[in-house]
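Participant: Sequence:
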Amino acid sequence: MPMVMALAKSIKDYLDAYSTKRPDIKVNCSNCEAVMKAWSRYFRHALVNDTSLSIPIYRWRCPKCKRTCGVLPDFLAPHLTHTTNVREGCVRSYSDGSTLEKACEQAGVDVRTASRWIKRIRTLLDDAISLTLKLVAGG
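Residue 38 is where the sequence shown starts when you use our numbering, and the numbers rise one by one after that.
Please keep in mind that the hints were generated in silico from the structure rather than gathered at the bench.
Please read all numbers here as calculations on a predicted model, not as lab measurements.
Glycine residues also receive a C-beta, built at the ideal position from the N, C-alpha and C atoms.
Heads up, a few of these hints could be off.
Stated by the list, open to error - Okay, derived cross-link-like pairs now, DSBU-like style, lysine-lysine, Cα gap no bigger than 30 Å in a straight line:
no., residue 1, residue 2
1, LYS171, LYS46
2, LYS63, LYS103
3, LYS58, LYS46
4, LYS46, LYS63
5, LYS103, LYS58
6, LYS139, LYS49
7, LYS139, LYS156
8, LYS74, LYS103
9, LYS63, LYS74
10, LYS63, LYS49
11, LYS171, LYS156
Said to hold, decoys possible - Per label pair, the in silico range of CB-to-CB distance:
no., residue 1, residue 2, range
12, PRO39, ARG153, 18 to 24 Å
13, GLY175, TYR79, 44 to 50 Å
14, CYS102, ALA54, 26 to 32 Å
15, ASP133, SER56, 15 to 21 Å
16, THR88, MET42, 19 to 25 Å
17, GLU142, SER77, 34 to 40 Å
18, THR57, THR121, 34 to 40 Å
Based on the sequences and whatever the hints tell you, model everything.
Facilitator: Shown next as C-alpha coordinates:
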(Lines of atoms letter the chains of each structure in order from A and count residues from 1; the text may use other names and numbers.)
(Lines give C-alpha, C1' and ligand atoms only; values in the text may rest on other atoms or scores of the structure.)
Protein backbone atom coordinates (compact mmCIF):
# COMPACT_ATOMS: atom_id res chain seq x y z
CA MET A 1 0.00 0.00 0.00
CA PRO A 2 1.44 3.38 -0.90
CA MET A 3 2.24 5.98 1.75
CA VAL A 4 0.75 9.46 1.44
CA MET A 5 3.01 12.34 2.50
CA ALA A 6 2.94 16.13 2.30
CA LEU A 7 5.82 16.73 -0.11
CA ALA A 8 4.92 20.14 -1.59
CA LYS A 9 2.41 22.96 -1.14
CA SER A 10 0.81 22.46 -4.55
CA ILE A 11 0.78 20.21 -7.59
CA LYS A 12 2.90 22.77 -9.46
CA ASP A 13 5.45 22.88 -6.62
CA TYR A 14 5.60 19.07 -6.58
CA LEU A 15 6.16 18.88 -10.33
CA ASP A 16 8.79 21.64 -10.21
CA ALA A 17 10.68 19.93 -7.41
CA TYR A 18 10.26 16.25 -8.26
CA SER A 19 9.61 15.80 -11.98
CA THR A 20 13.18 14.51 -12.44
CA LYS A 21 14.52 14.15 -8.90
CA ARG A 22 13.18 12.06 -6.03
CA PRO A 23 12.26 13.64 -2.68
CA ASP A 24 15.04 13.55 -0.09
CA ILE A 25 13.04 11.78 2.60
CA LYS A 26 13.54 8.83 4.94
CA VAL A 27 11.03 6.03 4.40
CA ASN A 28 10.71 3.17 6.88
CA CYS A 29 9.32 -0.21 5.87
CA SER A 30 5.81 -0.77 7.20
CA ASN A 31 6.60 -4.47 7.56
CA CYS A 32 9.95 -4.55 9.39
CA GLU A 33 10.69 -0.84 10.12
CA ALA A 34 14.04 -0.94 8.26
CA VAL A 35 15.08 2.20 6.39
CA MET A 36 14.10 1.72 2.75
CA LYS A 37 16.37 2.48 -0.21
CA ALA A 38 15.50 4.45 -3.34
CA TRP A 39 14.19 2.04 -5.97
CA SER A 40 12.28 3.33 -8.99
CA ARG A 41 9.45 5.55 -10.13
CA TYR A 42 6.23 5.27 -12.09
CA PHE A 43 3.71 7.81 -13.33
CA ARG A 44 0.15 8.35 -12.14
CA HIS A 45 -2.43 10.36 -14.00
CA ALA A 46 -4.24 12.94 -11.91
CA LEU A 47 -7.36 14.76 -13.08
CA VAL A 48 -7.59 18.48 -12.30
CA ASN A 49 -10.38 20.48 -13.96
CA ASP A 50 -10.63 18.10 -16.95
CA THR A 51 -6.85 18.17 -17.39
CA SER A 52 -4.87 14.97 -16.99
CA LEU A 53 -1.44 15.49 -15.43
CA SER A 54 1.31 12.88 -15.40
CA ILE A 55 2.66 12.78 -11.84
CA PRO A 56 5.91 10.94 -11.00
CA ILE A 57 5.53 8.62 -8.02
CA TYR A 58 8.77 7.48 -6.44
CA ARG A 59 9.23 4.03 -4.93
CA TRP A 60 11.46 2.70 -2.19
CA ARG A 61 12.51 -0.91 -1.48
CA CYS A 62 13.29 -2.53 1.84
CA PRO A 63 16.76 -4.13 1.84
CA LYS A 64 15.68 -6.63 4.51
CA CYS A 65 12.27 -7.95 3.49
CA LYS A 66 12.35 -6.78 -0.17
CA ARG A 67 8.96 -5.05 -0.05
CA THR A 68 8.44 -1.93 -2.11
CA CYS A 69 6.44 1.17 -1.33
CA GLY A 70 5.41 4.16 -3.41
CA VAL A 71 5.13 7.57 -1.76
CA LEU A 72 2.15 9.56 -3.00
CA PRO A 73 2.02 13.33 -2.62
CA ASP A 74 -0.89 14.37 -0.40
CA PHE A 75 -2.89 15.74 -3.33
CA LEU A 76 -3.36 12.14 -4.53
CA ALA A 77 -5.04 9.19 -2.85
CA PRO A 78 -4.47 5.49 -3.53
CA HIS A 79 -6.66 4.18 -6.36
CA LEU A 80 -8.36 7.55 -7.01
CA THR A 81 -7.79 9.63 -10.13
CA HIS A 82 -9.09 13.05 -9.08
CA THR A 83 -6.89 15.20 -6.87
CA THR A 84 -7.77 15.78 -3.23
CA ASN A 85 -8.82 19.40 -3.79
CA VAL A 86 -11.27 18.33 -6.54
CA ARG A 87 -12.78 15.60 -4.33
CA GLU A 88 -12.99 17.87 -1.28
CA GLY A 89 -14.43 20.77 -3.29
CA CYS A 90 -17.17 18.61 -4.76
CA VAL A 91 -18.13 17.01 -1.44
CA ARG A 92 -17.95 20.35 0.40
CA SER A 93 -20.22 22.00 -2.19
CA TYR A 94 -22.71 19.14 -1.82
CA SER A 95 -22.61 19.25 1.99
CA ASP A 96 -23.10 23.04 1.90
CA GLY A 97 -26.44 22.55 0.15
CA SER A 98 -25.79 22.27 -3.58
CA THR A 99 -27.48 19.44 -5.41
CA LEU A 100 -25.18 16.56 -6.21
CA GLU A 101 -25.54 17.32 -9.92
CA LYS A 102 -24.54 20.97 -9.46
CA ALA A 103 -21.60 20.09 -7.19
CA CYS A 104 -20.40 17.57 -9.78
CA GLU A 105 -20.80 20.03 -12.62
CA GLN A 106 -18.75 22.64 -10.76
CA ALA A 107 -16.02 20.11 -9.97
CA GLY A 108 -16.08 18.52 -13.42
CA VAL A 109 -16.75 14.99 -12.15
CA ASP A 110 -19.32 12.33 -12.91
CA VAL A 111 -22.25 12.01 -10.50
CA ARG A 112 -21.55 8.29 -9.96
CA THR A 113 -17.95 9.08 -9.01
CA ALA A 114 -18.98 11.70 -6.46
CA SER A 115 -21.66 9.34 -5.10
CA ARG A 116 -18.92 6.81 -4.30
CA TRP A 117 -16.88 9.50 -2.53
CA ILE A 118 -19.89 10.57 -0.46
CA LYS A 119 -20.77 6.98 0.42
CA ARG A 120 -17.18 6.37 1.58
CA ILE A 121 -17.15 9.54 3.69
CA ARG A 122 -20.47 8.62 5.31
CA THR A 123 -19.10 5.19 6.21
CA LEU A 124 -15.97 6.74 7.73
CA LEU A 125 -18.04 9.26 9.70
CA ASP A 126 -20.39 6.54 10.97
CA ASP A 127 -17.39 4.49 12.11
CA ALA A 128 -15.84 7.53 13.83
CA ILE A 129 -19.10 8.34 15.61
CA SER A 130 -19.51 4.74 16.78
CA LEU A 131 -15.96 4.66 18.11
CA THR A 132 -16.40 8.02 19.85
CA LEU A 133 -19.61 6.87 21.53
CA LYS A 134 -17.88 3.69 22.75
CA LEU A 135 -14.99 5.70 24.17
CA VAL A 136 -17.32 8.18 25.88
CA ALA A 137 -19.32 5.30 27.37
CA GLY A 138 -16.09 3.89 28.79
CA GLY A 139 -15.77 0.92 26.57
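Participant: Compare the structure with each hint and give your call.
Facilitator: Hints, one by one, checked against the model:
no.	hint	in the structure
1	LYS171 / LYS46	37 Å, violated
2	LYS63 / LYS103	16 Å, holds
3	LYS58 / LYS46	17 Å, holds
4	LYS46 / LYS63	19 Å, holds
5	LYS103 / LYS58	23 Å, holds
6	LYS139 / LYS49	27 Å, holds
7	LYS139 / LYS156	18 Å, holds
8	LYS74 / LYS103	10 Å, holds
9	LYS63 / LYS74	9 Å, holds
10	LYS63 / LYS49	23 Å, holds
11	LYS171 / LYS156	23 Å, holds
12	PRO39 / ARG153: 18 to 24 Å	19 Å, holds
13	GLY175 / TYR79: 44 to 50 Å	47 Å, holds
14	CYS102 / ALA54: 26 to 32 Å	30 Å, holds
15	ASP133 / SER56: 15 to 21 Å	35 Å, violated
16	THR88 / MET42: 19 to 25 Å	24 Å, holds
17	GLU142 / SER77: 34 to 40 Å	39 Å, holds
18	THR57 / THR121: 34 to 40 Å	24 Å, violated
Hint violations for this structure: numbers 1, 15 and 18, all remaining hints satisfied.
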